[in-house]
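If you want the building blocks of each chain, they are given just below.
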Amino acid sequence: MSLLERQKRRLAGLFGSGAKAAPNPNRPSVAERLGYATDARLLVIHSDDFGMNRSVNRAIAEALEQGWINSSSMMVPCPGFAEAALWAKAHPEADLGIHLTMNAEWTAYRWGPVSKQPADSKLRDADGYLPKDKKYVRQAEPRDVEAEVRAQVERALGAGVKPSHLDSHMGALFSTQALFDVYLRVGSEYKVPMLLHKDPVVAKNARLPAGFNRDAVVIDQALQISEDVGKEQWRAAYEKMLAPLGPGTYELIVHLAYDDDEMRAASSGHAGWGAAWRQNDLDAMRSPEFQKFLKDQKFILVTWKELARAIPEIAQ
Amino acid sequence: MLKRYTLHLSVVLSVFLASALCVAQGVPNPNGKTVAERLGYPANSRLLVIHADDFGMMHTVNHAIENAFQHHWVTSASIMVPCPWFPEVARWAKSHPEADLGLHLTLNADWTSYRWRPISGQEHSSLVDAHGYLPLLTEDVDGQATMPDVEAELRAQVDKALAAGIKPSHLDSHMGTLFSTQPLFQVYLGLGRQYHIPMLLSREPSDAMNPPLPAGFNLKSVPVDKVLQMTHNVGKANWLATYERMLAPLPPGTYELIVHLAYDDGEIQAATFDHPDWGAQWRQNDLNTVSSPAFRKFLRDQHFILVSWRDLGRSIPASAKW
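Here the protein sequences come in this chain order: E and H. If you're matching positions, the first sequence starts at 1 in our numbering and goes up one per residue. If you're matching positions, the second sequence starts at 1 in our numbering and goes up one per residue.
Treat the hints as calculated values from the structure; they're not laboratory data. Just so you know, even glycine gets a beta-carbon here, dropped at the ideal spot from N, CA and C. There could be a bad hint or two in this list.
One-sided excerpt, in silico: chain H residues whose CB lies under 7 Å from chain E [unchecked claim]:
1) H59
2) P84
3) W85
4) E88
5) S113
6) Y114
7) R115
8) W116
9) I119
10) G132
11) A237
12) A270
13) D274
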């Protein structure tokens, strides 16, 4: 096999669709590195937004305690982060990352950056909050974004949270190459596993640099529900998404909360990821049918703490 | 000026004595017209502001206060600008320009599991704790805050409210932190003077809500005679009766009853889990009381005249405005 051919195959393995994820001929897959069979399907069931508000915190804490999900990531700038951090202290076994947050997307309920931002920073809107829209994050100076990302990691460490991984709220840090570089730089520096997208559609905006350690890309595909699914089809939509997956490592991203007064008021005017949406996610994850589906399909549930062992420079 | 202050103390003392003797009659004010008279009410009337603190703190607090305004259970409220639910209040205020809203100047983030940060920049501010939040306790502010940082934060709070279209009818202080030391009190007085906003102040040294007013302070700018609040260790069943016992013996004058409203739901139970004082149940008790027909009847029977801070602001003569 020529060098070029080998590289092409390697790239196909890295960026190809997870559904077809062929075992990489060059080195062991994540499953193999973790001691599972080559054809295993590993799955992280991950709730974003821990710390966002009380309703979200209550749902996520319950879901982690009950094993309906096995991982979550925390929004450090949010008012409920203190509660999430208290819960984390009492549950050191829980798999918790940092959901790096550059936006405050709701209307009635907002939060600001945790770093001191310069007067002209695009990370502060006219009211002093993180911007509602991702376009302002894209326009922000990368150094302002980096200051905020670092401050959030430091605040989490200061609150006693040892993050199992990093990811990005609303994918804002995946939306330009400069922001993605900030994400990669901070994650590499702190030696924290990162959710990285291999999807070529995302990679159009944000590519992994040439020398980047490909072993650190542990997730083949991140799966999320789409906006046009009706309440009745919710669980079926997840099952249809998961059932045909080939061998590989996947993250199912859900957004849990109770559809209560607080959540409805916070998300009023936003159907996507709103109160009803999050209740649907909670109902799907906790349903015995979905638990049975995962067992029948022989998904192996893994956490980010386990995935870290598949990344040599972090596992050391 | 000093003389006027001394003179006033004797008035306060006689009011106090009258109160002690339960003589509910107007005391002639040698200092000029009373607040009631300046507003066109008889000298022997009892004016009462029913005031909800903490608007903006949480959604459940906002929901309760909005409801209370709509049903006239309260006549006034003050807003916590740094809190996460301030935007909900700002939006409500725009559609309710008649509502009497002041600013509840906030230097603390007082719940263990639900916190907020200062809005005037943080990293090196003397107004943050180890996690970047406003300090938990009044004493923390006293111990660590520098007055330039306090002033910058309070100005930022007032400016943000103004920018949101809120015209504050008055200022007061969350947890009384701005009344807790003389330097903090001076910042508060300076702020009201600079922005020309009436301030909640106590004249009575016996009340000790705030440190003594500086010599020469124009007492005509202090419309409230006494501030009344629920005390600790009152059982739910005695809530209403406690308020009634507090209010019934008051002599003629101008009073503010401070209440803390919320629905006792999951949001506030979580935030106040380790803090029953001003906690979820406390606030539901307050809401139940101000909304109860029994309390409404009590106020009517006692001939309290309900007023707002906008009314009180009109009682402050131009000569006493800063």
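Here's how the hints hold up against the structure:
1. H59: Holds - the Cβ of H59 (chain H) comes within 7 Å of chain E, reaching about 5 Å at its closest.
2. P84: Cβ of P84 (chain H) sits 4 Å from chain E, so the hint holds.
3. W85: holds, 6 Å
4. E88: With a closest approach of 4 Å, the E88 (chain H) hint holds.
5. S113: holds, 4 Å
6. Y114: holds, 6 Å
7. R115: Since chain E brings a Cβ to about 5 Å from R115 (chain H), closer than 7 Å, the hint holds.
8. W116: holds, 6 Å
9. I119: Since chain E brings a Cβ to about 5 Å from I119 (chain H), closer than 7 Å, the hint holds.
10. G132: Nearest chain E Cβ about 6 Å off; hint holds.
11. A237: Nearest chain E Cβ about 27 Å off; hint violated.
12. A270: holds, 5 Å
13. D274: Not OK, violated: D274 (chain H) not within 7 Å of chain E, min 10 Å.
Hint compliance for this structure: hints 11, 13 are broken, all remaining hints hold.
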